[in-house]
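As a plain string of letters, each chain reads:
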Amino acid sequence: MKHLLWVIIAAVLLLANVVVGGWTEIADLRRAREWTVSQAGEAGAKLRGVHVRVDQVWAGSAPNLSERALVLVRLALRGPEAARQGWAGCDLSLRDAADRVWLPLISTDSEGAVRVLSPDGENKGRCNPIPYDAPPDRQEFLSDQLFLVPSELLKGARLRVSAWGTRPEALEFAVKPVLRDLQ
Amino acid sequence: MIRGGSIAIVLAGAALLGAMMQIAPDYNSTVQPFRSHVAAGGTGEARSFRARFAGARLADRIAFSRFGTEFVHDTDGVFLIAEIEVEATIVSQRIDASWQGASGRRYALSRRAQDIPRGLDSHWFQPGLTGRAIAVFELPPDEVAGGELVVNNSFTAVFDSALHLAPPEPAGGSQSIILFEP
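So the protein sequences, as listed, match chains A and B.
Per the numbering used here, the very first residue in the first sequence carries number 1; after that it's consecutive.
Per the numbering used here, the very first residue in the second sequence carries number 1; after that it's consecutive.
Note that these hints are calculated values from the structure, not bench results.
Please read these numbers as outputs of a predicted model, since none were measured by experiment.
A portion of the hints provided could be inaccurate.
Claimed, not checked - Only part of the chain A face toward chain B is listed, based on derived beta-carbon distances under 8 Å:
| hint | residue |
| --- | --- |
| 1 | 26 |
| 2 | 107 |
| 3 | 132 |
| 4 | 149 |
| 5 | 150 |
Note that the Cβ used here is the ideal one computed from N, Cα and C, for glycine as well.
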């Protein structure tokens, strides 16, 4: 009887260890994956208190490298600061029908490319939901992300947006770039 | 008699445990990437990218410009400049490379060649687009012949794949200097 008690205690502790360890792993996995994707229209959509809209998408190819294109996505976010805190680590990616994923370019060269592609010649910076100069809660603020993709992706790309505080939920937008002549 | 049998069982168990400890692989070797060997000039297919060893040159010195400053580096060994063609197949990614010399020793990318134009350490490869990048290694001269280029995912190679690419041709004579231009 005494031995049985020890066996039961050991089994309970083992189970508790598995539950606590497993829960932590599952929580980490949920923050890294986009399992629940909501489709959003041109008017945008709200996720976790923040309204997200694709403001403009421009694309351009160099004449001697027509098989590849640069795509500039200008994203608009709007929401109260408390909700925007959950959008820290805002991630954007472009996807095709085969679910291949293109991530934004991060390099010293991309700064100049953004200014060339945007008609106003400005770079709004990468998606940062809590900037130091954030406008009032009801106003949108913009960010620019640059992608290098095969030109064929311009026919039907999808933009996926999520953040640390939203995942596994994410928003997805159909992307229709305005083509710009880079000659 | 019974006590002698018990002692024998304990000793046998200890010997078995000791033998297992001796032959058990360490953590680092159990989580190595899965290797694929690729013949010279061929394109290897890894889990998330494909790659080809496009060219190799040797140099005694390398020169490049970084942030407006000219750099010239020389070496007691030799610089191996490997040109690699890579295409990501799943997601935009970076690639890490090392040189496995004839002795089996592994050489990492030379930190003295960081930020060269088209350098592998700063290059992102995109799905559907073949990109060309340069990897620079600083090696003892006798580690070039018989060596191979090892490329794998830059972020985590654990249980991922690694391509062992044979050089396209035996690297010939060493040039006195190679200049990297944008």
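Against the structure, the hints come out as follows:
{"no.": "1", "hint": "26", "in the structure": "20 Å, violated"}
{"no.": "2", "hint": "107", "in the structure": "7 Å, holds"}
{"no.": "3", "hint": "132", "in the structure": "27 Å, violated"}
{"no.": "4", "hint": "149", "in the structure": "7 Å, holds"}
{"no.": "5", "hint": "150", "in the structure": "4 Å, holds"}
When the structure is compared with the earlier hints, violations turn up for hints 1 and 3 and for no others.
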